[in-house]
Each structure stands twice: as structure tokens, then as C-alpha cells.
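S.K.: Using the hints provided, position chains B, C and D relative to the given structure of chain A.
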Amino acid sequence: MDFGFSEEQELLRGEARKLLDEACPLSELNALRETPEGHSPEVWKQLGELGWLGLIVPEAYGGAGLGWLDLIVLLEETGRSLFPGPLVSNSLAAATLADAGDDAQQRRWLPALADGSRIGSVALLDEREAFWPDAIGLRGQRDGDGWRLSGEKRFVTDPTAADLFVVAFRTGDAPEALSLGVVEAGAPGVSAKHFPTLDQTRRLGNLELLDVRVAADAVLGAPGEAWPAIERLLDRGATAVAAEMLGSAQAALDLTVQYAKDRVQFGSPIGRFQGVKHPLAEMHVQLESARSLVYYAGWALDESPNDVARAASRAKALMTEASSRIGTEAIQLHGTIAYTEEYPAQLYYKRSKFTRPLFGDADHHYDRLLRLRGL
Amino acid sequence: MDFGFSEEQELLRGEARKLLDEACPLSELNALRETPEGHSPEVWKQLGELGWLGLIVPEAYGGAGLGWLDLIVLLEETGRSLFPGPLVSNSLAAATLADAGDDAQQRRWLPALADGSRIGSVALLDEREAFWPDAIGLRGQRDGDGWRLSGEKRFVTDPTAADLFVVAFRTGDAPEALSLGVVEAGAPGVSAKHFPTLDQTRRLGNLELLDVRVAADAVLGAPGEAWPAIERLLDRGATAVAAEMLGSAQAALDLTVQYAKDRVQFGSPIGRFQGVKHPLAEMHVQLESARSLVYYAGWALDESPNDVARAASRAKALMTEASSRIGTEAIQLHGTIAYTEEYPAQLYYKRSKFTRPLFGDADHHYDRLLRLRGL
Amino acid sequence: MDFNLTPEEEAFRREVRDFLAAELPPPKQRDAAFMPEWWKKIRAKRWIGFSWPEEVGGGGGTLMQQFILKDELARARAPLLGSDYTGLHWVGPAIIQFGTPAQKARYIPEILDGQSIWCTGYSEPDVGSDLAALQCRAVREGDSYLVNGQKIWTSLAHFAKSIFLMVRTDADAPKHDGISCLLVPMDTPGIEVQRVHNMGAGGYGDMLNQVFFNDVRVPAELRLGAEGQGWEIICSALQSERSGITEVNRHETSLEDLLDLAARSERNGRPALEDASVRRKLGSFETRIEAMRLNGMRALTRQLRGDLHPSEASINKLHNCDLLVEMSELALELQGSAASYYGSGEAVLDKGRWQLAALSWPATVIGGGTPNVQKNIIAERMLGLPKD
Amino acid sequence: MDFNLTPEEEAFRREVRDFLAAELPPPKQRDAAFMPEWWKKIRAKRWIGFSWPEEVGGGGGTLMQQFILKDELARARAPLLGSDYTGLHWVGPAIIQFGTPAQKARYIPEILDGQSIWCTGYSEPDVGSDLAALQCRAVREGDSYLVNGQKIWTSLAHFAKSIFLMVRTDADAPKHDGISCLLVPMDTPGIEVQRVHNMGAGGYGDMLNQVFFNDVRVPAELRLGAEGQGWEIICSALQSERSGITEVNRHETSLEDLLDLAARSERNGRPALEDASVRRKLGSFETRIEAMRLNGMRALTRQLRGDLHPSEASINKLHNCDLLVEMSELALELQGSAASYYGSGEAVLDKGRWQLAALSWPATVIGGGTPNVQKNIIAERMLGLPKD
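Residue numbers (my numbering), protein chains in the order written: chain A, 34 to 408; chain B, 34 to 408; chain C, 146 to 533; chain D, 146 to 533.
Careful, some of the hints might be misleading.
Said to hold, decoys possible - Here are a few chain C residues that sit away from chain B, every Cβ distance over 12 Å (derived from the structure):
no., residue
1, A166
2, G287
3, D317
4, E337
5, R447
6, S489
What the hints assert, rightly or not - Straight-line C-alpha distance at most 27 Å; calculated DSSO-like pairs for lysine-lysine:
no., chain 1, residue 1, chain 2, residue 2
7, C, K532, A, K294
8, B, K294, D, K320
9, C, K185, C, K320
10, A, K226, C, K496
11, C, K320, A, K294
12, D, K320, C, K532
13, C, K173, C, K186
14, C, K185, C, K173
15, B, K294, C, K532
16, C, K185, C, K249
17, D, K173, D, K185
These are computed hints drawn from the structure, not numbers from a lab. Backbone N, C-alpha and C fix where the C-beta goes; we use that ideal spot for every residue, glycine too.
Isolated chain A (complex conformation) (with noise of 0.2 Å):
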């Protein structure tokens, strides 16, 4: 039994954190908002030549052809530097196409996802926002052996950095008669547009949908029979924003920290207090635990499937829990700096409240957990 990393994850974490240190410090982050693209493409670029994109794209699509634990550790890195590119999306586009995808579909759109030069996103929800089934209300009509589309799928991340989109859509009356199928941007009828968000770092939109043909050969799996590659796909971006999650409640746990050993008030370190210690330690005591959950996900998704609905549903309830907390107590154990535009502890607490309802908040995983064991 072994619950650490191997030399090549540290490696990979040191080499991460030291590119995106350079390459994009928090203080470019507002910068970077105002682009078209709202994250830089020069770093993307780097990021796609250094295999980071493809990090579980299999090595026979062009991916590194590692795992998800691998992915973690740079998820970890982008969440702690609140890197605004679409990593999380890109991956979870990948991810459903070498679960999901025949092999030539793999052939047709992962090198490019893996190497950066498109960029991929997945659209789940359209009129209700939950993780069963029966939420998903968008529905395909036949169109000789394809399918055609026409309606909003909303809370798309990086609308309108994708190049294509994973797109899950109704093909019968039955709960679970799901399928999925691939829409390019720049196909007729497809428009994402993004709306300014909380957390400035983070794109989020819809994408419409007028009349889009999805032909046979961009349909994933057989049609209506996709819900369980579509659960995966929750359980793995619950996974991926829990990992991003603890990379940004941790900096932000460290901020505060920090802050609590400098600053002194009443003629001491304010850490030296009763109040502002013990809630510091309970929440190092949250996200150590959380971070557990995490990495445990991430081994559960290479190693142990049927590990991995309990495991991620785990992984991202407490995490939550965890960021939420640290995002608003980070704000409240800073003086009145902590909310200034130039201090990253606003920072932090904004993601955390974007990130708490991605693939379900802690509430919807609690129950969930209930759910798997029947009850």
C-alpha cells in the first residue's frame, strides 16, 4: 500500500507550478479577463507542447496516455494559480471521447484536443440544473441516421474558447434514453456566447443550438443508451473541479496563514489568538481531509471503477464544503485588505463560490451517497 505520489508526479507538480508561476502569476489575471479568449493562447500552446493537455489522452491519439491521478496533480497546480485557460473542459471532452468514442471518432478529434490546437468543452444541462437522468430535457429529433438539435444547453464552461462541444441530448421518453454526440463550433446553426461572471477568471455560458445536424459518425456509443458513459463523465468532472478546488483553497488557507503570522495587532501576531488559530486549524484539518477524498477519486478512477461513484461524490462534497468555507472565512480572518481589488483572498473566495455548484454541490452529493446505497 503506497498513498503518495511517485518521483514523476512530483516531478510533474514542481514543473507545473514553476511554469504557471512564470507564465501566469495572479497578477495577470485581470488582465486576461478582458482578451477575447479571457485566457492566454501562448501559455495554452506551452502547456499542449509539453503533453499537458493530452495527459490521459491514450499515447495512440497522440496523448501522454497517463492517467487521472496524473491529471490531479495538474489540476491541483492550475487551481492553486487560478490558471484561466479550459483545462478542465478540454480534459473532461477528452476524456468522454476515449470513453465513449469508437475508434475512429478518437482519431478524428483527440490528437488535436491533446496537442491544443482545438479546444474542447462538454454541455450537459439545459433547462434544469441536477445530476439525474431526467434533467436533461434537450431532445434530438431523427434526421435520417443522425440526429438534429435545436435548443440552449446552459452552464457550458469556456463557451466560447471551445472548438466542439460533447453535447448530451434526449432520444426517448424513458429517464435514461441519453446520447451523446459531438457539434463543432463553427458548424451551422451551433453560437456560445459567455455572460461576465463572479469569479472574473472563469468563462461560463450556453450554447445554442438552431437546427444542428449531429450525423451518425459524431454520435458516441449507440443512441439513447449513453446515461452511464454520461455519469462517468460527472464523476470525473466532479473529480476535476474538487482537484482545482484544492489547489485554491489551499493557497488561499496559506495566504491566510501567512497573514495571521505578520500581522500584528494588540501588540502581537494575530495567530497567536485563540480565534483566528483554531479555525485555521479546522480548516487545515478540512482540506487535509478533503485532499484525502481527492486524490483517492483520482486513484479510483485508473485503478478501481466500481470505487468510483462513492469516491468522487466524496471527493467533491467535502471539498466543497471545505473551499466554500476557506473562501468566506479567508475574507472575514483578513481585515478589510482581504476584499481590496489587488489582494488575491477575493480571488479565492469568488472561485469557491463558482466552483461549489459544478457537477453538484455538497448537498446533491450528500444525498447521492444515500442513493448509492440504496436509500
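M.R.: For chains B, C and D alone, kept in the frame of chain A given last:
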């Protein structure tokens, strides 16, 4: 506007505290719980002579003709001293007779409840412990112009001390088709028993009814139309229990504050550390707030009937949270001494758990507050 | 115990209510032209400065009248009473209590008439909760003081006309005894203001600044109170109504909005109002808001009887902080991912009022004396626990 | 990262599992005669003292084997490993590390064979969390010490055969340096034991005492370690497996019982398992129990690699306290008024296990180093915050 007590009320408080401190100190509780009555008949007699058992009974029926606010002053003091006598049970039985009984019924029973020669209690719950009309299941069978009852009423306070019970029973299929009747302990088919409780200072048990006749002149109000009176009884019960909780929670908090001032660890009183100081401040805030709500509920019972439901639910809800937290933290903030038999902290802890479900816990009342808004 | 009003108080409540019904349009109909007109009208009724003595131009309202006025104004969602919030709440009362006749004559009327805009110079870079440690120096030179130093988190300084400035005039005295208060025009040479943007950049409450004092010369006649009396001025407050009824009514408005949001929301695929956890939270908010109202009325009763504990307000301050944070959190949770949208676009629910709430609570929770400071006050001054 | 066992470890797990399947009857079939037989069998397998070196009679189990053994025993709801809990967990390891050959030969075998019953003499009336302030005096007189003083909260003292006693041998040294450890027979003249009953009087865990020492003469050869080495002995601990897997499995058993209770309960007139608030709490318990398990495995990994942080265990200790308190609270809430019944009567649900839980958590939560102490340890030793 005057949110304070009158001089007479302050006088009552002072007298009650003095009498209870002398006649019923905490040190006597262990001995009293071993007696058949579970409380001191002598002290009960004394309370009767002082007129305190009939505080809210109209003067015409042998009472003091005072209000709920006066009773709350007394209950706060009995709560503070963990007085084991059946004051809440007796007061609720008397209040329901005064509320729903006719002149003859009041004349028949109230004077004895007011002077202490007989003790009353109420028996509402049976199979289900909920505080909506449909939870009352015991069904009355028509018998001439009266009714016959067979079944078990559960969670009856002071069941073996009481001489008569106000019993709720069902006389129709509609959820609210309920009646109230008086059952005397000595009547054929009536038997009561109590079970050992965690809070050894309070008795709780069952009232068993085996083909017990309730004559027409023992039914309070019109048969099948008692729900409004029962709901008022529930509100009075919630308020009365909350008033007792206020007294005992304050005593538990006082004990803990004093300990924090006296107990020296690591060279200074533990009350200097924010890890002790801040929870105590939070509990003080919660308790003072519950205090405001309890007093207001008492005032509303006397003066503002339309306000009672909301006022009572708010009071019982916040008081239950405050009491439960203070009960638990009084243990945690002390050392090992807290859970030794000789030290009163454990008595307050047990009492806080005992009173939590009575007349609805915090969850019930928060939920009810939304129902009262039509939500 | 009696929660009814006397006939005189009832009459005053009716007067206020009738006036508001006649003169105050609903929030949506209030345009730019409305505010100056409104202030003129309520100034005529002496409701601006209503708690101030009549001899300085105030309303001379009794405590109960103040309570009634604030209660009615908040229920009617009336705008703030007067344009110079800082002048009306901090500077005016201090000048009434500590000012010379000349200072009163000069400053009080312009505060009441909305001709002034005050800011307060308290916090400094190394001085947060421990305010008495402030370092900004004022050295007496003849008839004036020479001020050097820096203030931070100075709300409104970028358009204030004057600053209510706390300076250290005696570096050798114990820290509480060496502070004095100066009333300084912001256009005095040597004052420089730099904006500090907050996290809701451009939005509500974005009015923080740093203020630098570089050899600023302030005539000694602009000192309020005696030299060294600054700490007393900071701690003092005129006898005015302290029930906090305005905050209570504001929370009640928020709760109504939140219930309305909950009725439109889902949790885990089911109506949010069927979720026991959501119901419990909402019930708890309602209960705590009512507790604040009643706590305030208990405090007011004690104030009327003349025995109000000076730390009493800390109890409701903690409730206020908790409610601001928890209600905005629940509102964001109810919105799901839509909570991430910001601004005024179509994707933003309820015109973004909850996002604004999530960005603006820190100004109150931290700016108003942090919860930790309030807890220390309660523990030490009300429960008698030893100081740290 | 790898959560699989090596073939050798798998083989050991199978060995344990097979043994338990063959030899351990289900809980209900275990009668009074069973325990001594059971201890004889597992002593023969060297599972009592499994982490101790073979040369003193221990099992010499590797860290991973210890983990596997504890995990399997707990899953099978096996009874405690050996009858002298204090001897096995505190006294034995200290004697192995600090004892003379004669002390080892005299005490270790009887601990392993269940012939000893130890108690520990740490706390004193004025000494709680600040253990190093202990005052019980031992004065050297020739070949022996004369002990005078008092201990309190001494578990098991009323039937212990020996006490692992911490005394002050040097009143002038800094408080951590003047403490020594004595191994004292309880029948030594001058020792008096008084019971202190706890709140679950007569029930589980009611084994507290005060112990008075009145001119108790203790031969110097019964001193463990050097004079003044007492604090080091208190702080030390033999290298044994620290994953906390036993507590984790115990919580899991509790959670199953709690889910079962919830399935039979109502909240506000509806099935408790349809109540979102109850579901959320149960899901949170499951999640934190699993986090404890994984935290323990991360700690074990670091222990195997030789870089375990000595304060690591505080993280799971806090979870442990929270879970004990919160799970018993929810169980009481689910039972409603039936939670008030105590004892073994028909009215008591689940044989009173939750009432017992509500009365027994303080012994762990307070007795095991209060949560506040654990938070200080985490903040100061892991986060590097300054000491108070």
C-alpha cells in the same frame, strides 16, 4: 412600550428563587428521584399554598388570575433549579380546562389543580410523535352520549404523579376531527407508568386506556372540534417548556462562565483564551435572543392571540438550539469534572436533551414557521 | 411588559405613516429629481437630525419617536435620512457633544442641509482592530498643527469635503491618551487621495481610499475637544435610539426576497421549498430576525429606563453579521450555477441583488468591528471574563 | 499510489480472516467463558502485543501487518486484544523503551498474559490539559521515594494492581524537567482509592477514581527511566501503526446502526430518510469516516517512509470527536422523546446504545486531549502559528 417585567413579577422571581434554592437544591435531586412521587409533595404543597400552582387559573375557580408572563417567571426559576415537580404538566392541564372547558367543568377540576390537592397532566401523542392533527391516532368509540377509549398515549409527562389527564382523541376521519376529554387516574381501565429517563429529574411514560369511558360532561368543548384548542395547548406547551429551558440553560452557562474564570491552566484562567471565551460569547448571544423570544411568546399568550403561533414556534426553536448547544458545550468546556455525578453540568446536559423534543424540536418549529406563511 | 404604544406615540406613528403615504413614491418611481426634493421635505419636518437637540437645529425626538420614525421609514423602504451619512451619524453628534459654539454654528447646519460630505480618518496600514495604536502625527506649531502620516480604508474620501481626522498629538503618552481629533477640509494643501478598489469593482460600496498627509497645516481652532481627548470622542456617542430597527427591517425585506427566490428554485431536482434543510435555514433566519427586533426593543426599554449596558449592541451586531453572510450564501446556493453570473445581463437572477450581497457583506462584517472583536467585548464586558 | 496489498500482505490478511472465521463466534454468542479462551488463542498467535519486538515476547508485526490485523479484527467486531488495555497501550511500550532488563522481565510477560491490570496516574485536581504542572511529590530517601499527593480521574484505579505514576522529584527544575515515573503496586501502604461516579452512573465507563498518596514508600528500583525523564516518557510512544483504523471501523458500525435507525424513524411526520437535512448529515458522516480512513492510510504511508509528522494524529482525533458527538446527537433527535428513555426497558430503542453513546463521548472527547488542545497542536506545530 415596555419590554421588561413589573415589580410584582420581579418579586415573584425573587421569592421563587429563594424558595427553590432552599427547599429544592440540586443536591437533593438524586434522593428525590428514588421516591415514588419523583418530587417532593411537601414542596408541591407549599407552592399550592403560595398560589403558584394556579397562577393562570381564573380567580373565580380558585386561582391567582394572573397571566402567562407571570407563569414564565416562575418556570424560568423552576428550570434554573431543575425542579422535578410536575409544574408544566399541571399548568397545561389547567390552562386547557380554562380554555376549552365550560363553567361546570372548570368548577369541577380547576380549584384542586390550583391548590395542589390534585395534579393534572396532558396526554396528546400516541403512535406517532408529530404535532400535526393527523398524528393523533387514538380513536374514541361512541358510547351513548359519551365515548370509550382504548389505546396507549405515549410521552406523557409526569404520568404517575398525575391524578387526571386531558386526553386528545380522534372522533372522525377528517384530520382535524379531534376531541379533548378528561380522564381521571383512578377510573376503571386507566393505568399509567413511567420509565427511567436519561434526565433522572423528570418523569415520562405512558397512559394506558382499556375501554375507558369519557362521559359527555368530561368532553371539553364540542366533540370533533378540538383542534384549535389542541393547537393552543401545543403553543402553550412549547412556550412553557422553552421558559424552563431558559432557566436551566442560563444556569448551565453561568456555571461554565464561572468555571472559566476560576480554572487556571497554563498559567492563566482558561476564560482568557478565545477558544473558551468566544464560544461563551456566542452562547450568551443565542441565549439572550432566545430570552427575548420566550418573553414575547408569554406576552403574546396573554395579550395578542393572533401572534401566538409564530411567537411560540420561534421561541421554542431558538431556545431548543441554544439549550442543546449550551448543554453540550457546558460539558466540553469543562474538563473531566463535567461528567462526574457530583457536578451539576451533566444534569443540565441531560435536561437539555430531554426538553428538546417536547412540543416539537427546532426542526419542527422552523418548518412550521414556513407553513404559517403558507409555504 | 407592554408592546403597545401610548396614544401620543400612536399619533406620531400615524403622522409619519400618513406623510410617507402622501409624499414617498414607490421605489421604482423615484428618479434623480426626487432625492433633493425629498430631503428638503424631511428637513422641513426636522426628521434629518431627528435625535439632535432642537437648539442646534435637530428634531429633539424622544427615543420612542426615533424608534417609530426609523421603523416606519424602513418599512416604507424610504431612502436614507439625509445625504451626508457620515456627518449625520458620526461627525455631527461628536461636534454637538465636544464642539465649541463656533464649531457647532459652522458645521451643524451644513450637515443638516446636506451641504457637507464628511469622511472619517481612523484606520491606518498597521492599525486595524487595535485603533488606539494609530500613528498619524500632528505636531503643534504656534496656532496650527502640522500633520504627517497616512490613513487607509477611508470611505468616501475621494469626494468628501472634510475629514474627521484622528491624529497622535502626544507620542509619549499612553496610547489611548495621545490622540486628538481634527476637522480638516479635504482641499487643504498636502492631502492626497488614492482610490483602493474593492472586489465588487465599480459596484456597490466601492469607495475606499488611502489618504496621505504630507506637511498638512491645520489651524488649531479646527481641533475638536481638548488635546488628547480623541479616544473619548471615538468612544462616545450621543444618546440616540439604539434598537437597530433599521437593520431588522432590511433583513426582513431580504428574507421576503429570499423566500420568493426559494419558491422559484430547485434543490437536487426537487422544489427547494420541499427541502427540509432549506426550510430549516429559512425558518432560522426568520427567527433570528425577530430575535434581533425583540433584542432591540429590550435594549430600548433599558435605554428608556436609563440602564442600557454600553456593550448591548454587540449582540445584534453578531446576528447582523451572521445573517448577512448566511442569507447571501443560501441565495447563491439556491441559484446553482446561475449564481456565478454577475452584472445586469439577462442570465442574472433578481437583478444580481444576491451577488451584490455576497460582495458587500465584508464591508459590514469587517468594517463594523469584526465578529471576533464583538465576541471579545461580550465575553469581557458582559460576562466578565479576563482580557487576553 | 497503490491501494493494493502485496502478495505477502494478502496472505497475512487471509490468515487473519480465516482464523477469525473459524474461531470467533458472532457477538451474540460470546459468553463469559469465551473471553479467557479467546485471549489464550490470540496470545498463542502473538497478536496480543503484536507490534512489540519478538525478543520481549511481542509479535514483531510490521506496520502493514498491524494495520491489516486491526482492520480485520474491527470488521469482525472482535473484542479487545488482551485484557489489560492500559498495560498494552501505555505501560508496556514505555517499559520496552525505557525499562531496565529486570523491569522488562518482570512486567512485560504479565501484561501479555493478561495477569496485570494497570492504571495511569497523570491528572491532578489543579492540573488538566497542562499536564506538566503536576504536583504529586516524590522525595528520595535512601533507596526509596516517599510519595505524597493526589491524582484524579484515574480510570480503573479501583481494581488496578499497579499504577504508572507520574511524580515531581525536583520542585526547583523547570516544570517539564522535574518529573519522574514510578511503577507502583496498588497495595502499597498509604494508597487510598475513592470512586468518582460519572454521569452514566453504573453504566459504561464508570471507572473514575481519586487516588491519594500518603507517605507511600516506593523502592527506587521501581523508577522507570532516569530521574527527571518523566516528561519524555509521557511524550514518547513506541513505533506502532497509527492509522486509527480501529476507530474508523467502529464509526462505520455506528453509521450502519444509524442508517438503520433513520430508516425506522420519522421527522416532522415524514420518513426521516426523505428529510434532506437528515440525508445530508448521514452523507456527511459517511464522507468524514471515509476521510478518516484515507487520512490514516496517508499517515501510514508516511510512517512507512519514515517521515510521519508527530502531530498528524490530531487531525483524525478531531474528526473522531466530532463524529462521536454529532452521530449520537442525530440518533437522539431521530428517536424524538423516546431518546429520553434510559436503561434496558422495552421503551428504549436499540437497547439504549445511543443513550450510552450520548453519555460516553465525553470520556473520549475530553479524556483524550480536548479538541481545543488538538487545535492548538495543529495550529502551532503543523501551521507554524505562534504559541499563546
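S.K.: Hint by hint, say whether it matches the structure.
M.R.: Quick rundown of the hints versus the structure:
1. A166: holds (23 Å)
2. G287: holds (47 Å)
3. D317: Check passes; 30 Å lies beyond 12 Å.
4. E337: holds (38 Å)
5. R447: violated (8 Å)
6. S489: holds (29 Å)
7. C:K532 - A:K294: holds (21 Å)
8. B:K294 - D:K320: The given pair, whose Cα atoms are some 24 Å apart, holds under the 27 Å limit.
9. C:K185 - C:K320: Violated - the C-alpha atoms of K320 of chain C and K185 of chain C are around 43 Å apart, more than 27 Å.
10. A:K226 - C:K496: Roughly 19 Å between the alpha carbons, so the hint for K226 of chain A and K496 of chain C holds.
11. C:K320 - A:K294: holds (24 Å)
12. D:K320 - C:K532: Answer holds: K320 of chain D to K532 of chain C is near 26 Å, not above 27 Å.
13. C:K173 - C:K186: holds (20 Å)
14. C:K185 - C:K173: holds (20 Å)
15. B:K294 - C:K532: With Cα atoms ~11 Å apart, K294 of chain B and K532 of chain C stay inside 27 Å; holds.
16. C:K185 - C:K249: Since the Cα atoms of K185 of chain C and K249 of chain C sit roughly 21 Å apart, the hinted pair holds (cutoff 27 Å).
17. D:K173 - D:K185: Distance ~20 Å between K173 of chain D and K185 of chain D Cα, so the pair holds.
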